[in-house]
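**Q** Starting from the known structure of chain A, arrange chain B on it as the hints suggest.
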Amino acid sequence: MTLVPFPLPVPSLDNQYWFDKCKEHVLVLQQCRECKAFSHPPRPNCTNCGSSDLNWVESTGKGTIFTFTVTRQPVSRPLVGRTPWIVVEVELEEGVHMISNLIDVDCDDLQIGMAVEVVFDQVDDEITLPKFIIV
Amino acid sequence: MTLKNNLKDKAAIVGIGETAYSRESGRSELDMAVEAADKAITDAGLSSSDIDGIVKFTADSTPQGELAACLGIPYLRYYGELGPLGGAACGLVIQAAMAVSSGMANNVIVFRSVNGRSGARYGSGVVTTRRGQGTSAFTEPYGLLVPGQSSAMRARRHMHDFGTKLEHFGGVALAFRKHACLNPKAIMYGRPITMDDYLNSKVFFDPLRIFDCALEADGANAFIISAADNSFNSSERPVFIMGAAQALPAGLGDRGGNWEDNGASRLAPELFASAGVTADDIDVVGFYDHFSPVIITKLEDYGFCKRGEGGPFVGEGRIELGGQIPVNTSGGHLSEAYLQGMNQIIEVVRQLRHQSYAQVEDAELGLVDSGDGSGALILRR
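Residue numbers (the working numbering), protein chains in the order written: chain A, 1 to 135; chain B, 1 to 381.
If we strip away everything but chain A, and leave its shape as in the complex, we get (with noise of 0.2 Å):
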């Protein structure tokens, strides 16, 4: 049986720098040359200050599990044959938060505060995707 994948993301002008560099497996943050606040997901301006004076900064790709949760039960027919899936909520070093799975991982091994780093899942020839370890 083939599974259907999740929605493959549509890189906009704000965010297609930050595919890119994953096509590359470097994992980036927007850094604000102002302020020095880190975020994402990339937008035009600083969440911290609204600058839009931005800086793409190479992310250490350490971080720790926030919170997650193991989907058990497909949320519709098409997604029937990939639980469980496990969608973690991660916090970078940098302090900003980001959204992932979990990958070569027991579902019941899992608990908040577990460390964490990222590999890269290439999805196909556009896009690839961060992913975490746990380390």
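Check each hint, because a few of them may be wrong.
Per label pair, the in silico range of CB-to-CB distance [said to hold, decoys possible]: (1) A:V80 to B:S201: 16 to 24 Å; (2) B:D161 to A:P78: 45 to 53 Å; (3) B:Q355 to A:D121: 30 to 38 Å; (4) A:P78 to B:E236: 45 to 53 Å; (5) B:G103 to A:P78: 29 to 37 Å; (6) A:E24 to B:L199: 44 to 52 Å; (7) B:R131 to A:K23: 38 to 46 Å; (8) A:D125 to B:Q324: 53 to 61 Å; (9) B:E316 to A:E24: 26 to 34 Å.
If you are wondering where the hints come from, they were derived from the structure by calculation, not from laboratory data. Backbone N, C-alpha and C define an ideal beta-carbon position, used for all residues, glycine too.
**A** Just chain B now, with coordinates in the frame of chain A:
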């Protein structure tokens, strides 16, 4: 800048109307909207020629003009809409109250009509149709597709930070089911559940179970908003909009991690200030309960208990009829029907008219909210 909210007691809910709630209405959303609106107009002691405004959910398929046509209203002086998705009900009451209190219109219908079970279901992820665009490019590719998953993640964090237990979420589900069993209109009327039933029920989005989730339903609700000084002309029992506030946290909450940084906790102080009352003065509550854990956080956000103590608070029966602060006395979204915050408003109006199936003795003041605290009202008898 200090806020000068002048809406207090300027407008009233003068009529309410609802269709039956079901899993398969077999009717169009327009047809159900007309029934609910007709009932609300009759309940208000008005006729359709008195109606000159209609406001709708952005998500609703029924255009204001079509509803007006079916009610025999030749044109509308005021019309508007509010999104996104489910959290619009209180905000629409506020729109309507501003319209009638400023003289833009005399009597405004607020309505919601949805085949939420037999048609496109919120819980199946097909309603948003975002398909990985905009900010959902950073959520949907990972299988974060429906609101229940986000609620589950927040619930798990609450468990971690404050020691909240599954039995506390179950306590919410049981309380509302108990209320639904007093309400013959509730879909879950006559179907009581126990804590064992709850704990053994199907896990949807760990830690949330099926009994933690809103009951998708078909049905329609409507109410009529009139200026307070007109409200006694027709209605025998207007319910006054004593306080009102809206809140939209920036960035869809993607900063995460701060319990004080959400709609309900942001708007609560302004809501109580606008009415000149405190949480202690409230007799009955209608919280938007798309998922049971939000009841626990909202009790904290609105100050009915301290931050982190919402779990034990519901665990001791305080939100049930006869308890300290009865919540969702018609069964709420979990056990009456999921009409996106509209049926909570109808039930609080019934409470303040002293016409509820689960009547809170001498109820004078009610609090009702929408979404995760996107809007809220304090209503008075």
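**Q** The structure should be examined with respect to each hint, and the outcome stated for every one.
**A** Verification of the hints:
1. A beta carbon spacing of about 20 Å between V80 of chain A and S201 of chain B agrees with the range 16 to 24 Å that was offered as a hint.
2. Under the hint 45 to 53 Å, the C-beta atoms of D161 of chain B and P78 of chain A, about 35 Å apart, miss the expected range.
3. Separation of Q355 of chain B from D121 of chain A is about 57 Å and departs from the stated range, judged on CB atoms against 30 to 38 Å.
4. Judged by the Cβ atoms, the range 45 to 53 Å given for P78 of chain A and E236 of chain B holds: they are separated by roughly 52 Å.
5. A hinted range of 29 to 37 Å is violated for the C-beta pair G103 of chain B and P78 of chain A, which are about 51 Å apart.
6. Range check, E24 of chain A to L199 of chain B: Cβ separation about 48 Å, and the 44 to 52 Å hint holds.
7. Taking 38 to 46 Å as the suggested C-beta distance range, the pair R131 of chain B and K23 of chain A does not conform, at roughly 21 Å.
8. For D125 of chain A and Q324 of chain B, the Cβ-Cβ distance of about 60 Å falls inside the hinted range of 53 to 61 Å, so the restraint holds.
9. About 55 Å separates the C-beta atoms of E316 of chain B and E24 of chain A, a value inconsistent with the hinted range of 26 to 34 Å.
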